[in-house]
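Asks: Protein chains in written order, with our numbering: chain Y, 42 to 434; chain F, 42 to 434.
These aren't lab readings, by the way, just hints derived from the structure by calculation. Just so it is clear, the structure is predicted and the values come from calculations on it, not from any experiment. You may find that some hints are simply not true.
[Said to hold, decoys possible] Restricting the straight-line Cα-Cα distance to at most 27 Å, the calculated cross-link-like pairs of lysine-lysine (DSSO-like) are:
#1 F:Lys-243 x Y:Lys-98
#2 F:Lys-229 x F:Lys-366
#3 Y:Lys-340 x F:Lys-204
#4 Y:Lys-391 x Y:Lys-75
#5 Y:Lys-275 x F:Lys-45
#6 F:Lys-366 x Y:Lys-97
#7 F:Lys-366 x Y:Lys-46
#8 Y:Lys-69 x F:Lys-130
#9 Y:Lys-243 x F:Lys-45
#10 F:Lys-331 x Y:Lys-331
#11 F:Lys-98 x Y:Lys-340
#12 F:Lys-384 x F:Lys-69
#13 F:Lys-243 x Y:Lys-45
#14 F:Lys-45 x Y:Lys-209
#15 Y:Lys-98 x F:Lys-331
#16 Y:Lys-331 x F:Lys-98
#17 F:Lys-340 x Y:Lys-98
#18 Y:Lys-241 x F:Lys-45
#19 Y:Lys-209 x F:Lys-46
#20 F:Lys-97 x Y:Lys-122
#21 F:Lys-376 x Y:Lys-97
Number of protein chains: 2
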Amino acid sequence: MFNKKLVEGLGKSSMIRAMFEEGARLKKIYGDDKVYDFSLGNPEVEPPAEVIDTLKKYVNSGEQGLHKYMNNAGFPDVRQKVAAYLQEKSGVSLDENNIIMVCGAAAGLNVTLKALLNPGEEVMVLAPFFVEYGTYIGQAGGETVIVNTIKDSFQIDVDAVEKAITDKTKAIIINSPNNPTGVVYSEKTLREVAEVIHRKEKEYNINILVISDEPYTQLVYDGVTVPSVFNTFKNSVIVTSFSKSLALPGERIGYIAIHPDAEDSDLLVDGMILSNRILGFVNAPSLFQKVIAECLEEKINTELYRERRDFLYNHLIDLGFPCIKPKGAFYLFPKAPIEDDIKFVNRALKYNILLVPGTGFGCPGHIRISYSVDMSVIRRSIPAFRALAKEFY
Amino acid sequence: MFNKKLVEGLGKSSMIRAMFEEGARLKKIYGDDKVYDFSLGNPEVEPPAEVIDTLKKYVNSGEQGLHKYMNNAGFPDVRQKVAAYLQEKSGVSLDENNIIMVCGAAAGLNVTLKALLNPGEEVMVLAPFFVEYGTYIGQAGGETVIVNTIKDSFQIDVDAVEKAITDKTKAIIINSPNNPTGVVYSEKTLREVAEVIHRKEKEYNINILVISDEPYTQLVYDGVTVPSVFNTFKNSVIVTSFSKSLALPGERIGYIAIHPDAEDSDLLVDGMILSNRILGFVNAPSLFQKVIAECLEEKINTELYRERRDFLYNHLIDLGFPCIKPKGAFYLFPKAPIEDDIKFVNRALKYNILLVPGTGFGCPGHIRISYSVDMSVIRRSIPAFRALAKEFY
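Can you make the complete structure from the sequences, with help from the hints?
Replies: Spelled out as structure tokens, the structure:
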């Protein structure tokens, strides 16, 4: 038998896969335009024109060496540009030695955890959270410690964080704007978390690394800016990708930035570069390293997403779904009208609506609605949501 | 402290890193053209014109969706093209469900091992071998069992393979043409290995997967063709990349092909697709999936490499270095004139020659010379090799 744990995982995920298959079946019967698929967290738009133009420039240039191996950390000139960009944003002094180019944020998280963890060490995650964090932590030999955020607001519960820190705590993963809630953690809360961490580090004589998973930082609305983690936490790394901000999810391009004042930062960087190689990533794709280095200030048109958020949010509230108005990302995370979110998601299928149960994010009783979906689909879905709501409210 | 095993690994590799640093120091002092760097296994040429033209075609086409997420296994049309290509090559019936696009061969091996292994199960490797196999196997929870090839010929020692199979043997990794020896395993030997495997599978009531790591299959000389693993082993997978054959090492693009008659092949494929996602690879870079699908019949000009092999091989033989004439890849693996290959590699530095000790491939007493180096460098290096040889012969 193959990897038993993995085969069990295949079994477990079969419920969600069954739902996707049900979605495909519905589309066949009723037509694509009669099925409302809010299940996927993928950018629905094309990359900004500047990205496509830069890509064309490189490909048509005849420049040599665009597809070659480089240092496992990435091209030095690319890392330098990323460092300069982040320095300007955060005010923290950075150079290319603080940057490692990686194959997307999932790669960056695996590389970071591999470099960091010894068997049994603990990494804290804040529920609701992207469920594969637990898998990544396990792969690196660590234990996942789940701490709930505050009910309804989904802001960090600082007391709960304090209570969950033990002498084995090695890191905490922060994801703001958050998948699945769209919530942006406030600067005040982050400063309180920093205080708690300092206190506990002294108490236990440990170091706790803050790992900030930031793929949605550029996707914020209503004039919100995401507080710089580098300004709040010295012992921190930023892991991010251009999947969402430049709509390049298929190209697997991102970076890790290591705070210059992080504990033993040189050793951590060396460990991450080695991890990048031995985990099999080797290096971030070379051509797209060059492309993103010239597009660091670009982002997709967030106005399109804001419009969809507002439209769908307003309708959901009208229909009676309790929901936080998210400040970032492209998800709504309303409360389900019944406790059993899986049952509710299955009920929604009756109306050709595809959702993801909150259970999949460590937060039962809620549902995730991705509004990275064409506006026409969102408009057409409202009568279906209305009919669904009528069953419960 | 960070991951202790990894930090130790950093310490261990520091000897080789020190050599590279010494190389950089030598280049600074004597100039690039006075230092003969044979240490790197990287294609020294640019991709074939057809690859660059196909890349331009896609980038300039304005086609939508080139940079989006797709199924974790890769674009269906790309997988179909790879399947058709491999079917024609091997005569084995294949469709897109037998192909998973991956971020290069290193990714493919990690994905395969993760899907396959339970803790403590054994994977056989044939020394000399690419040393990171052991790391990949360990990451997937397995144990590496090293079996030496036949002295001097580096062909598979079938008896030794038979003796090393236990009831815990789950797979054997074959790498032909081989890094570091350049040897191509003969069809006769592979058939004998197949017989041994069948016998032992019955004896222990186990299944042994043959994992064929094939990045160098296209780089063969003297009219040699590499026997198709699919024709010899039913329970087999091919893992390969376009890093060497299309000189695209920076782009991280390759595939896994699963034999349709492999044990539980559907479940194995599902496990690999899930592994691709949870290990953080997610999918192979999207644009280059499209590009390679139209360049499967292309390869770099191997005549350039053959010329370098012949020139360097003939000189090394003349100078007294015992060496197999390799039929593939771009490495020579002569015997060092002293048992201590690390000492010899350090001695070579005196003549500004950079080599890799065989110890790094589980085969002490030898040295690896990569001839993926400009012909002018190879020519200029001969007097240095002569002076080095004079110290020993």
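Asks: Would you mind marking each hint as holding or not holding in the structure?
Replies: Here is what the structure says about each hint:
no.: 1; hint: F:Lys-243 x Y:Lys-98; result: 59 Å, violated
no.: 2; hint: F:Lys-229 x F:Lys-366; result: 19 Å, holds
no.: 3; hint: Y:Lys-340 x F:Lys-204; result: 59 Å, violated
no.: 4; hint: Y:Lys-391 x Y:Lys-75; result: 12 Å, holds
no.: 5; hint: Y:Lys-275 x F:Lys-45; result: 22 Å, holds
no.: 6; hint: F:Lys-366 x Y:Lys-97; result: 43 Å, violated
no.: 7; hint: F:Lys-366 x Y:Lys-46; result: 45 Å, violated
no.: 8; hint: Y:Lys-69 x F:Lys-130; result: 36 Å, violated
no.: 9; hint: Y:Lys-243 x F:Lys-45; result: 22 Å, holds
no.: 10; hint: F:Lys-331 x Y:Lys-331; result: 20 Å, holds
no.: 11; hint: F:Lys-98 x Y:Lys-340; result: 25 Å, holds
no.: 12; hint: F:Lys-384 x F:Lys-69; result: 23 Å, holds
no.: 13; hint: F:Lys-243 x Y:Lys-45; result: 22 Å, holds
no.: 14; hint: F:Lys-45 x Y:Lys-209; result: 15 Å, holds
no.: 15; hint: Y:Lys-98 x F:Lys-331; result: 19 Å, holds
no.: 16; hint: Y:Lys-331 x F:Lys-98; result: 19 Å, holds
no.: 17; hint: F:Lys-340 x Y:Lys-98; result: 25 Å, holds
no.: 18; hint: Y:Lys-241 x F:Lys-45; result: 23 Å, holds
no.: 19; hint: Y:Lys-209 x F:Lys-46; result: 18 Å, holds
no.: 20; hint: F:Lys-97 x Y:Lys-122; result: 26 Å, holds
no.: 21; hint: F:Lys-376 x Y:Lys-97; result: 48 Å, violated
Checked against the numbered hints given earlier, this structure breaks hints 1, 3, 6, 7, 8, 21; the rest are met.
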